[in-house]
Structure formats: C-alpha cells, structure tokens
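A.B. asks: Given next are the chains, with one letter for each unit.
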Amino acid sequence: GKVTDRSNGDALPGVAVLVKGTTVGTTTSVDGTYSISLPEGSNTLVFRFIGYAVMERNVDNASVVNVALGVDTKQLQEVVVTAVGIERETKSLGYAATKVEGEELTKARETNVVNGLAGKVSGVRITQSSGSLGGSSKVVIRGTNGFEGSNPLFVIDGLPISNSTPSNSNSPSGNASVDYGNRAGDINPDDIESMTVLKGAAATALYGSRAKDGAIIITTKRGAEGKVKVTLNSSTRFDNVLRLPDLQNEYAQGNYGQYNIRNTNGWGPKISEVQDVTEKNFLGEDVTLQAYPDNVKDFFQTGMTYMNNLAFEGGSKEGDFRLSVGSTNQTGIIENQSLDRYNVSLNAGRSFKDKLTVRTNINYVQTEAEGRPVQSSNSPNILTSAIYGLPRTVDVNQLRDNWIDPVTGEQIALTPDKTGNNPYWIINRNNNESDVKRAYGNVILSYKPLSWLTLSNNAGLDVYTENRFNKTSKGTFGALQGEFYKATIQNQIFNNDFIVTAERDITPDFNIKAMAGHNIYATEVSSQSVTATNLTIDGLYDYANATSTVPGQGFSQRRIIGVWGDLGLSYKEYLFLNVTGRNDWSSTLPVDNRSFFYPSVSAGFVFTDALNIQSSVLDYGKIRASWANVGSGANPYSLDYVYNPATSYFVQYSLSGTFPHGGLLGFTAPRTYPNFNLKPQNQENIEFGADFRFLDNRIGLGVTYYDTKTSNQIVSLDVPLSTGYFARTVNVGAVLNKGFEVDLRLNPIRTSSGFDWTTDVNFARNVQSVEDLPEGLESYGLASGWSGLQIKAEDGKSFGLYGTAWQRDPEGNFIINAETGLREVEQGKRLGSINPDWTMGVNNTFSYKGVNLGFLVDIRKGGVFYSGTVASLRSSGLAEETLENRGSIFIDRGVNKTKDGDFVPNTTPVQSMQDFWGRYSATANTEGNVFDASYVKLREVRVSYILPKAWLDKTFIGSAELGIEGRNLWIIHSNVPHIDPESNFFGAGSVGEGVEFNTMPTTRTLGFNLRLTL
Amino acid sequence: CESYLDVNTAPYASTKVEPKLLFNYATTNWAANRAGGDNYISVALAAQTIASGGNYGWGKGDVYDISPYSTGNTWKAYYATAGLNLIQAIAEAEKASPANNNAAAQAKIELATMMYEASTIWGDIPFSESWQGDIAYPAFDSQKSVFEQVIALLDEAIVQIDESSPLKISDYDLVYKGDMSKWKSFAKSIKFRTYMVMVDKDPSVASKIGQMLTEGGMVSSSAANFAFPFFNSPDKENPRYKILKRYSGVDAKGNVINTFFFANNNVLDYMKQLEDPRISVYFDKPDDVTTYNGVDSEEEADAETATVSMYLYRADAPEVVFSYQEQLYLEAEAYARGLGVGQDIAKANELYKKATKEALLFNGIGAAGAESYVQNTLPALTAVANPVDQIHLMQWIDLMDRPLEAWTQWRRSGVEGSEIPNLTQPQGTPAGGLIRRWVYPPDEATSNPNSPSPAPRFTEKTWFDL
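So the protein lines, in turn, are chains H and A. Just so we're aligned: 208 in my numbering is position 208 of the first sequence, and the numbers increase by one with no gaps anywhere. Just so we're aligned: 203 in my numbering is position 203 of the second sequence, and the numbers increase by one with no gaps anywhere.
Quick caveat, the hints were computed from the structure, so don't treat them as lab data. No residue lacks a Cβ here, since even glycine has one placed at the ideal position from N, Cα and C. There may be inaccurate statements among the hints.
[Stated by the list, open to error] With a cut-off of at most 27 angstroms between alpha-carbon atoms, the simulated DSS-like pairs for lysine-lysine come out as follows:
(1) H:Lys280 x H:Lys99
(2) A:Lys461 x H:Lys899
(3) H:Lys474 x H:Lys2
(4) H:Lys221 x H:Lys99
(5) A:Lys285 x H:Lys280
(6) A:Lys144 x H:Lys280
(7) H:Lys829 x A:Lys461
(8) H:Lys474 x A:Lys253
(9) A:Lys182 x A:Lys208
(10) A:Lys144 x A:Lys208
(11) H:Lys897 x A:Lys461
(12) A:Lys95 x A:Lys182
[Unchecked claim] To list a few chain A residues with every Cβ distance to chain H over 10 angstroms, as calculated:
(13) Asp38
(14) Gln88
(15) Ser130
(16) Ala152
Based on the provided sequences and hints, a complete structural model is requested.
C.D. replies: Below, the structure is given as structure tokens:
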C-alpha cells in the first residue's frame, strides 16, 4: 500500500505501519509505499506518523491498502529541536520549550535577531543596550541565575556559537563604552527556520554547564524536495530617534542668571529679558540671544536601512540545498554612521543508499561599522552629552557649518576655554571603525546501519576576528595631541558531538529511545591591542606616528569533555518519560574536582488521550513535570597565584598612566585571590506545567511553574580590600529564581470567509532572591557604575540598584539642610530591584484573504532605572522641568533636623534652582534620577498583502507579498523622562542593568518590504 | 584525554617575580593616587587649601560629599594596588637567597608611610590582619595601634638596612635610586612626624621626640626629599596636570589652562599679610587683572579670580611625600613647645627661618630673595604672640600643594575651634561641623563585618584630633 498526506496527496515516507496487537511492523519507504505480511488472525493495521492523526484500517483480505493521513489538529504535534539537536514532539516534552518560527522573526525583521524575540516568548527578556548601529542586546531567560550574569547558549544546527560582547580593555579615554554589539547579532534572520527557547535545566541538561542560563536553539532553513525556488526578501526602512529629550527654550547659558559663553548649560538669563543687549556667541559674533528649539532634534537625520536577501533552494529525494545571500546596509541617525553586513550561507545535505547522510551548513558573515558612538563618561568623544548639552541658543545649522576653522584647521569650540568638543568635530574627525569577519558551520555525518540504530557525528567550528579602531584626532579638546586605539579580537569555538541513537517499539504501545553521546567543546579567545598617544602628523594613525604606544594582549582557553546518555520511554503516545545523565570534565577546575555528573528526569502525560476524554470543550490536555541538576566549571586560570605585568596604573577620571613609568616596568600580584579547591557550581531545577486546548483549538493555554536554585556559585567574590585583594574565587551563595509563565493563544474569530484573528499573550513573573551568602556578608557588588552607584546582591533580595539616597526622617520626609534648603543624602542605600515584577507580550494577527495585519505590544512592569542622561539634562538646566520655580522662591518639602535631633518642617528656600538641580541631579546623587523602569511599547507592526495568484500567472513570479513594517514605533507608556528606558550602560555581557549614561538614543523604524518567490 | 584538559595555565603571567617590579608598581600607584582626582581634589577642596570656584570652576557639591569612588579608590591603592604588592615584594625579597634585606626595608618604609596616611584619613583601619591570605575579614586596629605599628615597621626597616650591601632596589627606585642612607633618613622622619601627630593625644611620646631630635639622622637636605617623579610625556604626566589637560581647556596658544581650581582665601589672605614671595608661584592671575584675588571655599569665582598656578600643576611636577622644610618646621615646633626637649624659642626661630627659606627655595625663589625675605619680612617667632601658631601657619602655607599633609597639619594644630588657620564651614556643606575624616568606602564597610558600626561620620574626630 501507499501512505499519502491527505492535504496534498504527497507521499509520506517513514510512516510506522504496525499490525495491531502484535510486534510486527514496518515503515514506509521514500515514495510512501510499504508492504507487510499479516499474521494469522490479524486484520487491522495501525499507521502512525509524527504530526498526523493515528489511523487504523481493517484489511479485510485486501492486498493493497492505501491510506491518506490527516494532520492531527487535535493534538500538539509540533516538533521542536531540543538539546544536542534531538527532535522531539512538543507533546512528549516534560518541560516548557517555546518555538518561534522563522516567519515570525522576519515579519518585521530586526537587524539583530535577538531583538526579534522581544515580547514573543514568555520568560525571555531582551534588553537593548543602546541605539548604536549594530548595538548589543542582552538576553535573560527566567531571571539571572548567576552572580556573574546570564548568558544563554546559542546553538545553530547543533553548533554552539559565540554570543560574546568583549569590552575594550586598555583603551584610552573611556572608549571602553562603545557598543560593538553581541555576536548573535551576526545571524541572518532570513536563514532561520525556527528558534526554540529551552528555558529550564531539564531542557538543557544535555548541554550541561554551557546552558545553565537556558539555550536558544536555532534551526536553519533547508531546501525542500521539489522544484527549485528562488526567494527575494527586500526591505527599505527609515529610522529616526524614538524619544528626544524635552528641553526648555527660555534660558540661555550662564551662571545664576548671568550670561556666560564659558558655560554649556541653561542657567543663564531668560532670553526674552535680554533682547535689548547683544552677547558673544560661540563664533565670537555679537548676537541677540534667541532659542533654537529644534537644535537637538535637527542634529539627527533619518537613518536608512536596506535589508536584502536572496535565497536559492531545491532538493531531490537524495539531497537538498539552500544558498542564501543577504545584505544589511544602514546609515545612522547621525551623519557618518553606517553599518554594512553581508551574510552568505549554504545548507546542503545528501543521503547515500538510505544509510548514510551527509549535511553541511556553512556561513560567512562580514560586518563593517563606522561611527559607533562613545557613550558613558570621561571620554572627549562622548556624543550624546555633546548633542544634548548644547545650549538652547546654539543654532545647529551654524554649528554644522562651523566646526573647523577653514584656515587653521583647528576645531571651533563651543566655549572660549575650549572645553566641550563640537559634536560635528567628533562625528567628522573621530569616527570609530570596526569590522567582524566570521565563519561558522558544521558537518554532520549520519549513518543508519539498522532501521533502529543511528550513529551520527556533528563537528563544527565558529571562528571570528574582530578589528576595532578608535581614533581621536589632533585638536580634540581633552586629547589635543590625538590618540588612537586598535584592537584585534579572535574567538574560536570547536564543538564535536558523537551520538548513538537506538529507537525501538518494544511492544506496539511501548517505545524506547536510547541515546548516548560524547562531546568535545573547546574555546579560545585572544586579543591584541595597542594604544597610541601623541600623534605627530594629524590624521595618520600609524604606530610610528605616535610618541607613545602601549600594547596589550589577552588569551584564554577552556575545554570540556562530556559523555551523556538519554533514555526516552513512551507508552501509548500519551505517557512520556525521559531520563538523562551527563558527566563533564572541565579544564578550568582543579584536577580532583574537574569531573562532575548531572542528571535530569522529565515526564509528560497527555491525560486527554489516556483517559480518552471526548469533550467538545477540552480538546487536549497534558501535564508535565521535570527535575534536573546541572553543574558548571569556572573561568580559565582561576587556580594559580600569578604575577601579571602591568600596562597601566589607575588614575581617576579615565586618566590612567602607563608603564613603563620613568622607563621602568611594573608587575602586580593578582587582584583575585585564587582558590586551589574550587568545586563545580550546581543548579537544581524543578518545573511543573500543563498545556490545554479548548473549543476546537480556539483557545490554547500553557502554564508553567519553575523553581531554580543555582548554588555553589563560582564567583570572584568581592572581599574587603583590606585583605589586599579585590576578590577571592569561591564557591558561595545561591540565586533562586521562582516564577510562572502563561502562554495563551486565542483565536476569537475564524470565519468561513477566511477572516482570522489570533492573539498570543505571554506572561511571565519571576522572583529572584539571593541566599546562602557567607556569615557576616549581607551583600556584595556585582557591577559598579560610578560615584557609588552599584548593582549588588543582598541576602534575601533580588539583584538591586544601590547608591546615594535622600535622607529621610522616621516618617519618610526628606531631611533638608536648614541653611541651604537642599536635601541631605546618605550613601549605600538600596534603590530598588533591577528586575521587572513581570513581563508580558501581546501579539495580534489579523488575516483576511491575502491581507495580514499584525502588531506586538511589549510590556514590562516594575524594577528601577537610573538615567545619567536625565541627570545631566537637569543639572545643566536644559531639561524642561528645570523651568519650574526659576526666578521665584522655592521651598522643598521636607524637614530640618534640629540640634536636639528633632524634625521641624523646612522653611528654608533653596538659593536658586540651579543649586537645587545641581544637588538633585549630581552624578554623586543616585536617587534623584532613579525611575520606575516599567514600559509599554509598540514593538512591531506589520501589514502585508499577498498578491492574488491570478495576477502573477503570466509572469515568472511564483508569489509576491508587499508589506509595511515598523519596529519600536511608540513608547506607549514610560515613567522615565527624556529617554527610552530600554538602555543599558553595563552592556549585554554584564550582570548589571537598569543604568544608563549618555547612551545613544534608540530608534523607531518604519519601512516597506517586498517578498518574491520565483 | 586528561592532558587534553591540562590547559589551565595562564600564558601571560608569571609565578615568580623580582621584588623591584612589584615595588615600582606599588610606588607608582601610590603616587598616582595621591596626585589624582580621588585623593588630591577631594582632600584639597575639603581641607580648603584650594577653592573650587563654585559653578564657575570645578563645581559645587564635591565638598564633604566625597564620592565613594574616591574613598574606594584611595583605599584600594593603600591596601591592594600599592599595599599588597609591597607585602609581596617584602616576602619575595626576604625569601630570596641571599635575602635582599635592603629591598625588604625599602618596601616596609613605603608601606609604613602609606598606613600612616590611611590612618590620618580614616582613623581606625585594618593593618595587623591585612594581607594574610587566610584572614578574610581583617580587624580594624585603633589609630593609636596603627601609628605604633607604623613606628615598629619603620624601626624594623631601619635595622634591616645594610648600606654596604649591593643587594637593593636601585634602578627601580625612582625616588632615591637605591641610596639607602636617604631611605634611612626618610624612615626616621616619617617616624618623627608620626610622633608629632600622636603627641597631643599621647604626651608620653614626647620623650621619643626628644630622643630623635638628639640622635638626628632625619631628612637633612632637600636632596633627601621624598619626591616621586612624573614626566612631561604622554601618560607619564602628573595626574593633576592630566585632569586639566583632558577637561579644563587650553588657551589661544594651545597651552593647558586651569579653569577649575582657584586661590583660596584661607591660604592667599595669610600669604598677602606675610607678603609671601610664593604668591606668584602658587597662583596665576588673569592677564588683565592687577591683583591676586582669592575666593572662599565654594564661593563663586569669576573672571577676576586668581587660579592655582600652572607651575604647581605642571606636567612634570613631582609628587612630594616628605620635604626637608616639613622636617624643619616639625623640629621648630618641637623646640617651641618643648616636646621632649627644653623649650627653646630661639632655636625654634632659627629652625623656622631655615624651614621657610627651604620652602621658598623649593618653590623656585632665588637664594638671595629667600634669605632676604626670611631675615627682613618674615615675622620672627620671638616677635609674635604665639610662636607655635606661627609655625603652624607657615607649615599650612607650605603644604597648600600637599593637601593630605595640610589637612592633618590643620587638624593637629590646635583643639577644635582653635586650629590654624581658623576655617569655617563652606556654603553648601551639611550642618555638623568641618570635615575631620573620610567615611569608610562602602565596599569595605559592607563586605567586612569587622568595620566599625555605626560607621563614624565625616565630622567625627579621629583619635589624634583634639
């Protein structure tokens, strides 16, 4: 007989055909045919195929039995790719795994594929660091598990790839704060078939230590059997600033109401009151002061993004291929900023004599970026403060035309003291450059000597070289003699998985699948950098042109060997049990402790099938549970006491000096006291969940509860500096993350005329708490900002923001200095959690005939956010709110503390609002600029129209779709003034977040898209 | 398989090192902290030796509001980047065969000086239990105990010095080039200064002061000043110059200018009264202004205000830890007060004049001019109502450019309310009095359960301060 797909009549190979009540069975061949001998007394055949409804057919002496299987809509027959590339039916899983189709990611394509996940998966939090072109994004799955951050594993077709965000070590002048992106951003979204997010330890147990923070498993597109297809996907988009600051336009620069060209602020006279006099402007001209309300807005331009992808694919019975070529070309919202990325990928497979299959997926990516801005503080090249800090009286057009003296070639400064750099000087002369060349890919050999046995080997390599070049030309204030920094970072990951799989039906009802694997994983990171200062010839960035050069280098290597086993049992396709065990040997642990074992158990029970519930309300119901234990190693070189040659010595305000000093070198003892007895860290995870489908699949609901405890953390625990060390490598402390996730799919309208409305809602709440800190240690720092601002872990609390807070009396009133009228402060106070209370995404899709409309709303509730940009706008008197009470008497509400320690209402007015805001928003004063980090964002909008087939009949075009797409269109709600609350000063690789300082503003993107299939 | 995993040895680090390499790293970090924004600016503004000029200059708000970064980085230098490396240098020197005793002594003298400084900033600090791998939470020693340990460590170093031995740190000693007699005199002077700081609270050390005066052997010429060099080449400049170079601006000729720090009336007024020839060395006045105009601490400066001079802030200005004139003023004070010696105003006057002359010479005043000033203009101790106060005032003026020492000098110059000079709380500082110490850096306070609780506030006096 032959088995076909009911929907299209295509042959179905690999369908299990069993004689009911016996162990006799076979599978269909590639053309869907089968033959089987019926034992005496049997009459019924059972046809089983993943994703299709099981069918039983009585033979009744027929010699040919053809069946057409229908797709099983009643059950969740979705197949997901789980750890080490194992494909499993969703219904068999004992844990939550969320699959995001590639289609979903390319609806409104993100240049950084990580951002495409924002708001789409429950429990997955994406935070963009900045609006830099090609900037980085941080991924946190189910809360941060470690004191050293959260770094989910990215896996492409079984190959773990790098998602690193190396910082600029040894770079001069605070240039460390350039956002060079995260390396998962190199992936071409058009190549992605699907992404599966594995959230819990049971799901990732087979990856072991590498995936304790979850894993994002990417499967790339392959060619399909049939005719060759060519697909073109082209987008043209326009980018502009999502959120501009609200500035005052009434006051000029100066001090206490007096005009002064030396200041770049808004504390001078009221412009309307000095119309009878002239003042010098930055060009030395006598002018009547006037405000230029759009001078900041006009600094920015419309950026352009062109994303094009061309894919050729095809296949036969024996093999398939897909070749994809993509380009992303962007120009920034600021002149001279650009990013060009090119991707080429080939995914090809071929089978030989049904037993041997070879597949390879090879990718090459090249990214070139120019003008990535310097952010944060202490560098002469910081752009955001140079733009936002423009006095209201500066005409940006005049500035654009007058940044360099045409005669002398010198910079035209905004002040006579030549302090602040002209932002046009920065963007015209001091543009950073960077490029990444990366190749990754793997070769998979699969051999099937017996129908139930498969041997496969997946060997892969991910190699990239990144070059960075920061330049500060001569004549830049703050680095008058010019300087530059060049760095090369090389990263390599080698991974090999050898897997043996045996799968048999022991009885028709009882299936067993056993797997055993061996894994080698090796990483190598190296960097070389040179900082060159004092240039002789302007614009010549050659080492020999500098009077001082300081080289730096780094290297680190780590290897893991693992063996593992996975035993999967299923009974009657409704009860599933999986047991795994993996043993790792890690190069980074002491020899005696380098071996560690971790097990997992998970089970799924489809009770609607087991109990044979036939209900018109409940279509499908499943409960699941899992438990897992995962270990992980340390950072390389944590064990030895070594002396390092020093390249620099610390000086505040990013002014560190360099060795040799006076011709002499310096060596230093380690900052971290090593631990010769480190143990692996341990993560224990319990998860329960249930999945339901109601009302003919109109409602789908998934709920999951989890509890993860990561203990014996291997951390560089900050120790009292009085020990002589900054930190000590220890196994200490635990982080608990408990939470629940709800995934709800509603299909409120589904009409016979073809109108369909689907809403996907995902909700996640995670509660983090720190436990088991050593006796006497209540908290310690995870990441440091400046002036006492810190991210800390405190016993019993979630990771939080700490810094200077207002002093309050027992009733909570601000304590105000009776002499100055200004608030008193105290240091080292907790100012809130950096984590949200909950996150939610709501994705709506409407379709009618060829028209599709979709929009995604992304919601974050809770947590705190500190903005250094807001602080600067306020302390400099440029922010709109600084207009309030100017020129009138202002008495801050609060109390004065008397000599006797009593509190009396404050009656002292502030001397001036300049003093008030100077105090309120001083960098040393954190609380004044801490906000609730909640937001509601319109993340994506897409409207598309599939052209009717009839229109294209006479053309070479197979199908065509036109779309309008928008990303980050609207901050519907935010509590942070002036800026987008989604920014992160610490960068994607750090545990720190919730802090921003002179971050490049994020962008809103709107454009159109054309997809053609030939 | 096992050897495949044996890749955990860092390739760019060494398990062995010569003491001189650690010593140089430590010394440079120490000097850089003293001259850098964390220590110099914070202390100079708080101790009121220079003025911020309000919003016209460096900006308000930094006074008494010392950033936890600054306190943390300074603590870090004393204990980690400098302190630990000196400890390791001592260990490496003493375990070498033959032992390098001079190198160990050099490191000990610096370490003792640093702990003295740290205690003058914070009062009670960890010392006896610091740098011991197995002690995770060092105890805080009382200031008295710290000073006594400083003296004991200096004594240990003095005994350990073997001037005849060629084993020492010489090429890597940027201060004394391995001249062990200078190290010895420096060690003795630090010891002497420590006793002078202790004596008001603990009069029993007066006899030690007397003994040291009799024995001599302390810093006895400007050649033995402890001055760490910086250089006029990129990234080797004095950090104070680098702050201006990076952030302050340049004049029309492209020369770095000082728009941040101004002449403080608390220094300038006294110098004017004394017709001190150093005024034009210490301060620059705007081109079109005829007089040197100072401002009070935190007062708004303007285009007429004199700035701290670019001479003091020059790129290759050394960081001075101890000077000959400082020694002479201390000796003058001991005689004027009769500390362990008979009170002798004439002797004190002689030393005070000599000290002042040295101070002028140090600041580039010609020998003849210096001599003439000391003989003709400087009021003699015998002619002033309170000779000790006069010595304190001259010490204060001399130390304007060394705020850490100036601050200690001011605190020990009299009981509360009668310090020299009389300082008042700057506008904008929180009520409660003048600053008398730094609060402990939050990092240490939160991570070391032995840190004093409640933590002393910045207005609380340390042990020596009456």
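A.B. asks: Compare the structure with each hint and give your call.
C.D. replies: Cross-check of the supplied hints:
no. : hint                : verdict
1   : H:Lys280 x H:Lys99  : violated, 63 angstroms
2   : A:Lys461 x H:Lys899 : holds, 18 angstroms
3   : H:Lys474 x H:Lys2   : violated, 78 angstroms
4   : H:Lys221 x H:Lys99  : holds, 15 angstroms
5   : A:Lys285 x H:Lys280 : holds, 23 angstroms
6   : A:Lys144 x H:Lys280 : violated, 59 angstroms
7   : H:Lys829 x A:Lys461 : holds, 25 angstroms
8   : H:Lys474 x A:Lys253 : holds, 15 angstroms
9   : A:Lys182 x A:Lys208 : holds, 21 angstroms
10  : A:Lys144 x A:Lys208 : holds, 15 angstroms
11  : H:Lys897 x A:Lys461 : holds, 21 angstroms
12  : A:Lys95 x A:Lys182  : holds, 25 angstroms
13  : Asp38               : violated, 4 angstroms
14  : Gln88               : violated, 5 angstroms
15  : Ser130              : violated, 5 angstroms
16  : Ala152              : holds, 19 angstroms
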